[in-house]
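Peer 1: What follows is each chain in one-letter form.
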Amino acid sequence: MKLFKKLALTTAAVALCSTAYATDQATLMKGKTVEWTIPFSEKGGSAKWANFFAPLLGEATGATVVVKFMPGAGSTKGANWFQKQTNGDGTVMFGSSGSTQFPYLLSDPRVKYEYKDWNPVMATGTGGVAYLPPALAAKFDGSANGLKGENFIYGSQGATRLDLVPLLAWKMLGLKVEPVFGIKGRGDGRLMFERGEANIDYQTSSSYLKGVQPLVDAGKAVPMMTWGSLDASGAVVRDPTFPDVATFKEVCEKTDGCETKGEAWDAWKAFFTAGFPVQKIAFLPQGTPQEVIDSYVAAFTAVKARDNFAKISGKRLGKYPMFVGADAQAALERAVSVPDSAKTFVLNWLKEDYGVEIKK
Amino acid sequence: MEIFATALPALAEAFTLILQPSALLYLLLGVVMGLAIGVFPGLGGIAGLSLVLPFVFGMDTVNGLALMIGMVAVVPTSDTFASVLMGIPGSTASQATVLDGFPLAKKGEAARALSAAFASSLFGGLLGAAFLTFFILVARPVVLAFALPEMLMITILGLSMIAILAGRLPIKGIAAAGLGLMVGTIGEGDAYGALRMSSYDFPYLTDGLKLVIVGLGIFAIPEIIALLRNDSAISGTARLGAGWLDGVKDWWANIWLSVRCSIIGVIVGVIPGLGGSVVDWIAYGHAVQTTKDKSGFGSGEIRGVIGPESSNNAKEGGGLVPTLIFGIPGSGSMAIFMGAVALLGSGDIEMGPQMLSGSYLDITYAIVWFLALANVLGTILCIGLSGTIAQLTTIRFTLLAPFLFMLISFAAFQSNQSLGDLVALFGIGLLGIFMKRFDWSRPAFLIGFVLSNPVEGFSSQAWQVSGSKFRQGWDVGLSYIFSPIVLVLIAITVLSIFFALRQKQAIATEGAMESGSKRAPMIFLLVIMAYLLVAFFDANGISDRQMTDKIIPLLISSISFFACVYLLVTMIRSPEGSEIFADSENASQEDSPPHGLWSTLGWFGALLAGSAVLGFIVALAGFLLAFFRFRAGLEWSRVFILTACGLGLICFLALMLNRDFPPGVVQEYINLPWPVGPDKTWFR
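So the sequences go chain by chain: U and B.
Each residue of the first sequence is one higher than the one before, starting from 1 at the first, in my numbering.
Each residue of the second sequence is one higher than the one before, starting from 361 at the first, in my numbering.
Careful: at least some of the hints might be erroneous.
Which stretches of chain B does chain U cover? Using the computed rule of at least three CB atoms under 8 Å from a CB of chain U, they are [as the list claims (entries may be wrong)]: (1) 557-570; (2) 823-831.
Straight-line distance between alpha carbons at most 25 Å, and here's what the computed DSS-like set of lysine-lysine pairs gives [claimed, not checked]: (3) U:184 - B:467; (4) U:304 - U:319; (5) U:210 - U:311; (6) U:184 - U:148; (7) U:304 - U:68; (8) U:68 - B:570; (9) U:343 - U:116; (10) U:112 - B:570; (11) U:171 - U:184.
Because the hints were derived from the structure by calculation, they are not lab data.
Beta carbons: idealized from backbone N, C-alpha and C, even for Gly.
Chain U with its partners taken away, still in its complex shape (with noise of 0.2 Å):
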């Protein structure tokens, strides 16, 4: 056992010297240790995000702030562990994603969390952009009407996830899209594109202009639509960080056979509303204490409020308002809350085109 010893000593030196590194900015959690558990594996997009967050954070608060991941059940294991969270000093924080809201939002019996009794602090959103091959962009003129006799075939993770959003869509447009479930994660979605197995995918605005960008200026890939952006009223407009490209609901209004009202429409709509522009919110658990809230309120502020925020942020928020506060208070109201309707059509669509059933 010598070894282990010699080793864990020299661990313990290098660990000592670097927890010396925090900053003189007084507040309630100073010096504390906070874990921020991630429902989802070390490889997602949730991972990053919290990533990218914690350090900053940690910088604001003085506290250090550790990633912990708690992948299983489609991230409902991680909520419901945080469910029965009621540790109010602060050094327990989660994070969710739209994987976490949509299970929630379809009654998956495995959900054992209530998202109301949450505290929000902050929150983010996303868009998302569909594309496709150049040979199929060419029958493509701003309504689907000349793509309607392809078979499309799409790389999903599974009809229940974000990609209920991109699948509703395209079939409401009248596409034949055949979803080959069970990959991996977006990214091996992009790779099928690429390799000329898929020729319809979408992705999150970070992820396709990181990944898809450099396709379409190859000539490669052609963008299709965004799911488009909410204003103040809750209307969809032009996403802002691509303001050139056409929004779901123009095509859908140019394509025949599809309306933007009635049943579909609404539950479409509440799925994107619920998935994109309020995808990702940090939590406190239930019966946190106003003055802890409120430090992680001010921490969070003076994180958007960084000089440089901007600048490290563009590439992971892009023009996405960061909510924090109130603000993911309202956020996190409008993410969760889907008319029975919605739900009911979403339900019948799943067990009726995929065979998909949420079991009571």
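Got chain U sorted already, so can you dock chain B onto it with the hints?
Peer 2: Same frame as chain U, now just chain B:
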């Protein structure tokens, strides 16, 4: 020549970045931390990176890269210690190393096995880096050429290694691999989330069993229990034979094997989606097939160590390709690495195609060569330490075993942070013990388990995509499925199986075996058959709309069931003492170990049961005290010292890596202070 014109200036630029003193210091720091973490089974690059992540924000780009790469690069080097010395697969990359490395340690040749492994690792790492330097510029089209049918074929090539590792009776190997594949399908299906052999009422299994648990259960527990029953040292001679220099000589004598396996490692590592899980088995299979006298494999053939170890460090280099130029991480640690790189310096480095452009190529090369340099540093440190650490194999094993139980329980618990992890570890461990006892190939089982998910995913996805291609036309469909790469891979697979079956002496994956009466082996077989039957009907109950979650479990359970039926019929017809009734418990009285199986396993069981009630730390304290006193028979003073060392080590690890301990029933009701309970407020 154009490649050289692009590469060389960037390469020169990269070396000026790498060779700054501060960068080298950070690299060394990363290497030392990586080695320290890699030594513990089940803790890998992810744990290490999480440790430094809070501190890399805004760090100088080159220094930060040096620190993180140093850490990630040497984990597959130092995990060899656990594989060779204890028979514990330290990580996925060193599973095949166990097969021959551990028998060498048992023969007292641990230092030789270790240094051969390290020399191979170093060489693999360097060759990988050299190869990558030029390959990375042309890698994009090569990587894109590997579509779903190609990946499926690589997976099948990996599965074909079962033919080499099936053990004495090929049909038993097929059944073992089939069982591994079936255990791999437990949980939600990837495509539709259909449940296989699991239920939401008992959520643990819905996510499937994790490789850490299956690897530790199937390899480590049977070995620990077996050694513990003998109450001797790991090294049968209780002293060290060949030294570290012999290992380096062994590697040099097999340099070409090392070259070939390194190249295998880079190539398989490059393909995104496969990761490193198959590469060591393919390398091992290659080592077996290119060795004339195959009799030593499975019982301490040095080529069985050199092959996989050459490939697994080379693989890390290959794995950089999808990460760097596609922005798709090949592993969990690469994912964290990618995220962390974006925090470095001014935050303008983003993995993706731009890493090959003029402005970032120097950084890309710096990453590649940091990896190589980290390998050099890590190897030198490891070879230097190997003689000393190999001494562990001469210690009375009864004094080591409790610490190993402690470490593997802790490691297993990290996979789901549920008490179910410990139960699963125990269950799989029991399966491993019986597979070892009745000579069912554990490597075949593990290959099946590892490849279960890729086989299922790639086959159903390739089927779906090819369906759409065939609708476009037969020629489109055929050229999609039978691309030149697929044809080559089919040829390699067929040849590999053909030669494996032709060779007369099989690889005795479980060592020499006694044979005995019919009863015990038949009961084990019947239990396996019952499981396969239940799994078949369970899968059959899945809706036809969710065919992709259904077809593979149905198919595999049928094939394995018929293999078992064949075995059963053969057993009924064979006389007692035939090799089909292999049973290591049947050794004559003088040879049988001093301690029984169940009483030994009971100790481990008691630790788990205690954890379920009292929480891990309390149970561990009791376990260590009782074990050292009553099983090892030490005097109380030493009992207390060893127990304190164990508890101190585990608390330190948990604290540093910010990990939790399994809570018990008591902790559910009473909020106890850390480490006994989850309440950390007192020291924050």
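Peer 1: Work down the list of hints and note, for each, if the structure agrees.
Peer 2: Hint check results:
1. 557-570: holds (count 4)
2. 823-831: holds (count 4)
3. U:184 - B:467: violated (43 Å)
4. U:304 - U:319: Status holds; Cα separation ~13 Å.
5. U:210 - U:311: holds (16 Å)
6. U:184 - U:148: Cα-Cα ~28 Å, so violated.
7. U:304 - U:68: holds (23 Å)
8. U:68 - B:570: holds (18 Å)
9. U:343 - U:116: holds (18 Å)
10. U:112 - B:570: Holds, at roughly 24 Å.
11. U:171 - U:184: Roughly 23 Å between the alpha carbons, so the hint for residue 171 of chain U and residue 184 of chain U holds.
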